[in-house]
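Those protein sequences? They're chains U, D, G, X, E and F, same order as listed.
With full-length UniProt numbering applied, the first sequence covers 1 to 314.
With full-length UniProt numbering applied, the second sequence covers 1 to 314.
With full-length UniProt numbering applied, the third sequence covers 1 to 314.
With full-length UniProt numbering applied, the fourth sequence covers 1 to 314.
With full-length UniProt numbering applied, the fifth sequence covers 1 to 314.
With full-length UniProt numbering applied, the sixth sequence covers 1 to 314.
If you're looking for bench data, these hints aren't it; they were derived computationally from the structure.
What you were told as hints is all true, and nothing was included just to trick you.
Identical chains blur together in the list; that is why a pair holds if it fits in one copy or across any two.
In silico EDC-like pairs for lysine to aspartate or glutamate, Cα to Cα no more than 16 Å straight-line:
{"#": "1", "residue 1": "K83", "residue 2": "E52"}
{"#": "2", "residue 1": "K68", "residue 2": "D57"}
{"#": "3", "residue 1": "K289", "residue 2": "E313"}
Protein chains: 6
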Amino acid sequence: MLKEIGFVEVGQPFEGFLLIKSASKGVASNGKPFLTLILQDSSGDIEAKLWEATAEDEQTFTQETIIKVTGEITQFRGKPQLKIQKLRPTQPTDGVKLEDFLEKAPVEINELEERLTQVIFEMENPNIQRIVRYFIKKYEKELFLFPAAVKNHHEYVSGLAHHVCTMLNIAKDLKRQYDDINLDLLYAGIILHDLGKLKELSGPVTPSYTLEGKLLGHISIMAEELAQAAQELNIDGEEVLLLKHMILSHHGKGEWGSPKAPILREAELLHLIDFIDARMNMMNRSLEKTKPGEFTDRIFAMDNRSFYKPTFEK
Amino acid sequence: MLKEIGFVEVGQPFEGFLLIKSASKGVASNGKPFLTLILQDSSGDIEAKLWEATAEDEQTFTQETIIKVTGEITQFRGKPQLKIQKLRPTQPTDGVKLEDFLEKAPVEINELEERLTQVIFEMENPNIQRIVRYFIKKYEKELFLFPAAVKNHHEYVSGLAHHVCTMLNIAKDLKRQYDDINLDLLYAGIILHDLGKLKELSGPVTPSYTLEGKLLGHISIMAEELAQAAQELNIDGEEVLLLKHMILSHHGKGEWGSPKAPILREAELLHLIDFIDARMNMMNRSLEKTKPGEFTDRIFAMDNRSFYKPTFEK
Amino acid sequence: MLKEIGFVEVGQPFEGFLLIKSASKGVASNGKPFLTLILQDSSGDIEAKLWEATAEDEQTFTQETIIKVTGEITQFRGKPQLKIQKLRPTQPTDGVKLEDFLEKAPVEINELEERLTQVIFEMENPNIQRIVRYFIKKYEKELFLFPAAVKNHHEYVSGLAHHVCTMLNIAKDLKRQYDDINLDLLYAGIILHDLGKLKELSGPVTPSYTLEGKLLGHISIMAEELAQAAQELNIDGEEVLLLKHMILSHHGKGEWGSPKAPILREAELLHLIDFIDARMNMMNRSLEKTKPGEFTDRIFAMDNRSFYKPTFEK
Amino acid sequence: MLKEIGFVEVGQPFEGFLLIKSASKGVASNGKPFLTLILQDSSGDIEAKLWEATAEDEQTFTQETIIKVTGEITQFRGKPQLKIQKLRPTQPTDGVKLEDFLEKAPVEINELEERLTQVIFEMENPNIQRIVRYFIKKYEKELFLFPAAVKNHHEYVSGLAHHVCTMLNIAKDLKRQYDDINLDLLYAGIILHDLGKLKELSGPVTPSYTLEGKLLGHISIMAEELAQAAQELNIDGEEVLLLKHMILSHHGKGEWGSPKAPILREAELLHLIDFIDARMNMMNRSLEKTKPGEFTDRIFAMDNRSFYKPTFEK
Amino acid sequence: MLKEIGFVEVGQPFEGFLLIKSASKGVASNGKPFLTLILQDSSGDIEAKLWEATAEDEQTFTQETIIKVTGEITQFRGKPQLKIQKLRPTQPTDGVKLEDFLEKAPVEINELEERLTQVIFEMENPNIQRIVRYFIKKYEKELFLFPAAVKNHHEYVSGLAHHVCTMLNIAKDLKRQYDDINLDLLYAGIILHDLGKLKELSGPVTPSYTLEGKLLGHISIMAEELAQAAQELNIDGEEVLLLKHMILSHHGKGEWGSPKAPILREAELLHLIDFIDARMNMMNRSLEKTKPGEFTDRIFAMDNRSFYKPTFEK
Amino acid sequence: MLKEIGFVEVGQPFEGFLLIKSASKGVASNGKPFLTLILQDSSGDIEAKLWEATAEDEQTFTQETIIKVTGEITQFRGKPQLKIQKLRPTQPTDGVKLEDFLEKAPVEINELEERLTQVIFEMENPNIQRIVRYFIKKYEKELFLFPAAVKNHHEYVSGLAHHVCTMLNIAKDLKRQYDDINLDLLYAGIILHDLGKLKELSGPVTPSYTLEGKLLGHISIMAEELAQAAQELNIDGEEVLLLKHMILSHHGKGEWGSPKAPILREAELLHLIDFIDARMNMMNRSLEKTKPGEFTDRIFAMDNRSFYKPTFEK
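Use the sequences and the hints to build the structure in full.
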């Protein structure tokens with residue numbers, strides 16, 4: 001069986017299918033053009049150079065193309081590189097699908113859908129329930145495909161829904177410790193808080209920031225969408241105001257992108273649960289790739305810390 | 001003629017009409033109730049105590065009532081206080097009007113209206129022009145009455161329109177130095193940037209923060225209003241996106257309340273012009289009350305600095 | 001029935017038993033000595049002045065004495081004050097007990113003990129289990145009486161154990177979301193993290209900081225105690241090192257008092273759960289005293305924010 | 001006609017004259033020496049390598065020499081590089097002049113001189129006028145040649161005078177909005193504020209920091225020069241003190257290099273106008289090189305932001 | 001013998017001579033004027049009220065007058081206050097002198113003079129020596145009378161010279177550990193670094209900030225004086241540049257008022273020795289007033305810390 | 001005689017013995033393995049590549065091996081590199097010793113031992129003296145071999161003892177200026193403050209951080225050791241508490257790794273003396289390698305400053 005690219009070792013040969021994550025042209029010191037390709041499967045990615053690239057190559061080997069490649073794993077400035085010996089684009093008969101080359105949430109989409117349906121069912125406040133239903137319907141497709149971010153945490157297919165569902169579970173559990181929590185508000189805040197990412201990011205595969213994303217950001221995008229939804233649904237209670245506040249304040253403070261700090265218990269909790277799930281996701285995925293008794297790579301979004309995996313963990 | 005309350009001196013008698021800015025009840029150590037009144041005219045305000053206040057007093061002397069008062073200026077913990085000898089509410093025959101007791105912009109409302117009309121007339125981009133017209137019409141009354149803030153700068157009747165018109169003048173002048181400026185964008189940004197204050201604040205007289213103001217803030221309120229206006233007017237060009245960005249970014253950075261820092265030349269300029277006009281307003285009004293060769297009171301919003309007035313100024 | 005001191009209103013008479021929280025002597029402008037007493041029951045506290053206090057008064061009305069007092073609620077500088085008409089120390093026949101005048105955790109001590117016993121029973125790692133047992137035994141009395149802090153959060157009798165038990169419950173719930181968590185480490189970290197407070201604070205009633213607390217702090221005190229326990233129990237595995245790290249890092253970063261930031265998943269989680277429970281405790285107790293549609297007092301330890309209670313909450 | 005070096009594209013041949021901005025020697029892995037040259041004309045610069053450089057080459061191709069070069073534009077690590085095929089130093093018969101290879105202010109020197117003369121003429125305060133005249137005379141040559149900085153803003157020939165003149169224009173315009181401004185003080189502050197750069201920097205071509213610049217900085221250098229000028233001119237009024245304060249405080253605060261924050265209205269304004277002109281210069285020059293619908297390179301001195309050029313700009 | 005005002009206790013009578021540190025007029029609630037006096041001797045100060053003050057009192061009891069007073073120590077808001085029973089200005093026959101009422105350095109002026117003379121004698125670099133001699137001569141009187149600051153450290157008569165001499169001793173000792181130190185530079189930097197205070201402060205008795213002090217600060221004042229001295233003495237070596245740098249950088253960084261951070265070994269050392277002597281002076285003087293086993297008052301300039309005096313200290 | 005590696009120049013041949021500081025394997029673009037060696041003697045280090053390394057080479061040329069090497073100094077990306085022509089491991093007959101290749105303190109070990117012995121002899125407090133003796137005995141070997149840090153300051157053999165002895169000398173000198181200093185406490189604090197480094201670092205040669213060092217840090221390690229020592233020695237006075245505080249607080253504040261800021265005069269002084277000696281060590285060693293009239297390399301741990309060496313220094 002073929003080895004995944006995230007687990008090859010320097011010196012080994014490689015043969016298999018890979019997705020082109022990005023392709024950029026350069027001109028070598030001998031004056032000949034070459035392509036720098038980042039190739040990926042669901043386990044990770046690797047850099048490769050295609051020397052003396054023809055004009056045809058340039059048109060063939062573009063972003064989001066799947067290729068068949070034979071080569072060897074070498075090392076360049078301390079990082080593995082794939083030395084290409086042979087490559088070709090895939091053909092229909094190869095039977096490979098884009099989604100097989102993307103990292104995915106560890107939970108199936110239909111499970112995530114079920115969890116959301118159930119939560120909406122549990123809501124008691126009809127205004128809040130109608131607003132949440134409106135958005136689930138509006139984004140029924142993207143919501144279950146988009147990542148939660150371009151990098152750092154939950155940056156994989158279905159990452160957004162995975163993030164939301166884990167947060168919903170934590171919220172439900174916290175209600176048992178702190179009975180005063182208004183679960184309708186908290187559930188709705190969790191489901192809506194990051195929906196602006198569906199417009200801030202370009203798509204589920206090789207996502208980047210859109211112009212709207214750069215100029216407005218997902219927080220303001222979603223606050224606006226919520227206002228329009230409430231108008232359309234003809235809902236005007238205090239709930240709408242509170243949900244807007246929760247979206248605006250979920251990053252916790254100005255330095256982190258929120259125009260208002262939380263001044264509602266459920267807004268503060270939304271921020272804290274978001275914080276926990278993002279950090280657990282980053283730590284867990286780093287620790288998975290780390291051997292007992294060793295340290296993870298530095299995690300930039302966690303103050304560049306490197307975490308220790310105890311010798312008695314597996 | 002009667003002296004204004006902002007210019008009385010300790011030891012002098014006082015007789016005249018004053019507006020109650022706030023009234024709060026206390027109980028003295030002898031167990032009797034009393035009222036603490038903040039009394040103002042257009043020149044400033046002063047504290048006064050109404051000892052042994054009856055239930056009737058309490059109902060008569062409330063916020064925004066105008067009274068006739070006779071007394072003497074004393075001093076309490078280093079600050080002047082009005083010792084009340086006689087007081088009564090005004091009668092129709094007194095012929096006094098609320099607006100005479102409020103600080104006002106040094107420019108008349110109709111001049112401010114004319115300036116705005118002229119700027120809109122100069123605009124070339126029809127989308128931008130229609131959006132601005134929409135808001136001028138929507139808020140034709142409040143826009144010319146509201147202050148620009150509860151405190152710090154332009155905190156007087158018509159303060160918002162005064163702030164906007166000065167900024168428009170500066171923008172026009174800067175265009176002569178930097179020809180690349182898109183004046184339509186900059187003008188529109190200036191006119192719209194603080195309109196959210198019309199909902200963030202409670203009104204032109206004795207303004208305070210509304211619930212919406214505390215939970216959302218004027219920046220997000222206005223971004224949402226702009227989205228609704230564009231939808232209503234059926235305008236969907238890049239201009240709308242850019243104007244939203246200008247509103248969101250006009251405080252310059254996250255710590256100062258903007259969810260996005262400016263990444264458009266005209267957004268950066270809007271922020272800088274806003275900064276200059278706010279600071280000039282604070283400095284000028286403080287220096288007016290200061291004698292040559294002395295220092296102003298500390299200005300909290302300018303890092304608590306105290307400014308020097310040269311001996312050769314008048 | 002007698003009203004509690006936390007719920008009296010200005011103008012009302014008061015008669016009942018109160019505990020002296022602090023007593024300090026002053027000399028009035030007439031040259032006579034007086035006592036400033038802070039008087040409390042389990043619902044809150046109030047200031048009172050005992051004018052013209054005799055030397056005998058001074059020896060009678062000292063900290064932690066319970067008194068019977070008759071008086072009236074007046075107001076001084078915006079805060080309620082108890083005007084004393086009559087007072088005397090309690091007699092055995094009054095049948096009052098110190099503990100009735102102290103705020104207490106909303107959970108009974110035996111419930112807290114049971115929860116801890118059960119958690120220790122669930123532990124699988126024998127080294128960790130033995131260490132935890134050692135401390136539960138060592139502090140079997142204080143652990144269930146001390147507050148978790150002098151002020152801010154869980155600052156009431158049994159506050160420390162209440163804080164620990166809520167955190168344990170949250171930890172157990174989070175394990176269901178994140179299966180990789182080492183629950184033995186996390187449980188132990190939660191139980192041990194604040195035990196240094198038993199030496200940092202002077203006691204469960206009117207607690208203050210000890211000299212040791214001021215010079216070393218509860219974090220270093222506990223790290224040292226853990227080292228001694230491990231030596232005594234003859235345990236020397238990696239678990240001891242990790243538990244020490246968890247104690248040292250539980251404040252999250254240097255500015256907040258931790259000499260090391262967390263670099264172990266369970267240490268990071270310990271910090272986050274501590275953060276959540278402290279914040280929920282502060283918000284909930286402030287919101288309880290707030291009417292729907294109003295804002296709480298400012299909470300100093302939460303960046304001085306004031307939280308909103310929605311109109312639809314009870 | 002020859003293409004300018006700032007506008008060539010990878011893959012194109014190049015032939016023309018270029019100025020050596022810097023030259024440094026290295027030794028290649030084959031043990032042979034080579035030269036790294038940064039070559040510029042008034043449109044930009046490019047790196048080039050002269051392999052197997054002889055001792056004579058080293059003495060010929062030095063900083064500020066103009067050369068004739070033939071070659072090809074290649075790419076090295078994502079940046080264009082000039083592959084040298086032929087090169088020689090210029091000869092008198094080539095008819096090229098140093099100034100043709102330097103970036104220059106978009107305004108002619110005599111226009112800048114006229115503007116300054118006119119401003120001095122408008123001054124009413126004789127002390128201030130004499131001091132300004134003194135410095136214009138003292139530095140009549142350098143003032144119109146030096147850049148305003150080594151990098152970031154106005155870093156071109158005549159940049160300092162260009163910066164000063166634009167600021168003077170803005171000051172004059174602001175006076176119309178804020179009549180209280182003392183224009184003599186403000187004009188003088190603008191003209192003098194950066195004159196210390198004439199000693200802080202090494203010269204108008206390829207400027208670097210002098211030893212005096214590194215140890216004292218242009219702010220303290222100029223404060224000292226002003227003191228000496230006042231002494232020489234026998235002027236001792238408050239104006240001298242205020243002008244010194246304006247120079248010392250024009251960076252706005254300690255973190256930005258000013259030993260005193262502005263506590264004079266005109267000092268604060270000087271700082272704000274300086275801020276605006278520096279930022280406009282950086283944004284405008286970056287946007288000029290950017291196509292509509294795209295973002296500029298990151299501007300380090302503006303918090304590393306990248307600015308958007310609207311699609312409807314030219 | 002008379003007790004000193006810094007050591008009286010509440011309830012005691014007081015009779016003696018005191019210096020008026022400041023006098024300010026108020027109007028009491030009964031409409032009568034009164035004077036608030038701060039009275040001091042060399043041990044400390046105390047507040048006193050002179051009720052129903054006549055116009056004559058106001059002219060008699062002014063700042064820097066010495067009075068004879070009889071009264072009693074009472075307490076007002078937790079601080080001691082002197083209740084005046086009798087007071088009169090001193091007469092020639094009282095035989096009291098201003099200097100007896102001021103706190104003084106613990107070392108005699110002639111000792112300080114000798115120490116400085118000796119250090120100058122040890123200098124080997126003639127340029128540095130001449131500059132230092134110039135300033136010692138120029139300020140031969142003030143240098144030995146002024147305090148080193150208005151508050152915080154060495155804020156007593158001869159405080160500046162005391163600070164300088166202690167620093168010189170430390171410098172000499174450090175040379176034994178670090179032989180590379182250039183002692184001439186370091187000695188000169190120490191002697192000159194704070195001389196700007198002679199113009200920044202108003203005088204040795206009840207010092208306050210001068211206008212020049214507020215607008216320029218002692219660092220820039222002294223840098224300018226040094227430039228003028230060098231010109232007058234016709235000295236132009238690198239030594240002058242380095243001494244200027246040492247003066248400019250002695251506060252260590254921008255936030256602390258230095259326009260340049262130290263980039264010369266002796267400049268860095270000057271900063272560090274200044275830091276040590278200031279902190280030792282603050283701690284020692286606070287600890288002197290503290291009993292063993294107790295904590296000092298909070299020291300504002302040391303991050304508001306309160307220091308512990310061990311039980312085994314005397 | 002052979003030149004030391006810290007003083008070779010590009011283009012020169014090299015022949016001599018060097019110690020392998022680190023060795024790491026790579027794979028070249030031709031697929032062949034190579035070794036990157038960092039080679040050092042007591043004067044500095046240099047990088048070298050061993051191309052086409054065999055499996056035997058890999059086992060032979062490992063960290064802490066001494067080799068004989070012939071080659072030439074070339075330059076790679078602006079840094080010198082040793083081009084290996086011949087190399088072999090040393091033989092017994094070469095007569096070279098590991099210690100000759102390590103940087104060492106400029107003072108001999110026996111001098112450092114004597115200094116410590118003498119200081120202990122001077123101590124008057126028996127508890128403090130016994131504790132210090134205990135640790136000198138416990139670490140009699142490591143204490144005189146370990147560096148004070150992995151990098152930055154005193155990062156050489158015997159660096160820790162050198163650092164301690166210089167600090168002791170400074171402490172003794174400061175006592176002459178500030179007689180109130182408790183020299184026993186200060187001496188003990190200096191000797192003990194960094195002993196935790198003996199467990200935080202892996203050893204005197206090529207030191208790195210241990211797991212214990214990363215998880216606990218030398219401050220907490222030493223606080224724990226001190227507690228155990230006191231228990232073993234049966235000492236329980238306030239001295240132990242104060243010494244623990246001094247160890248915990250010697251980094252000065254939370255951001256710098258101390259869980260408590262100093263609140264004892266001797267703790268503050270310990271911090272300041274540590275600060276001075278670390279900074280002097282960094283500056284002096286950088287300036288030694290710098291020519292008069294030039295600047296040192298940037299010193300990262302001193303805010304990245306580069307220091308000037310006056311032209312009149314040698």
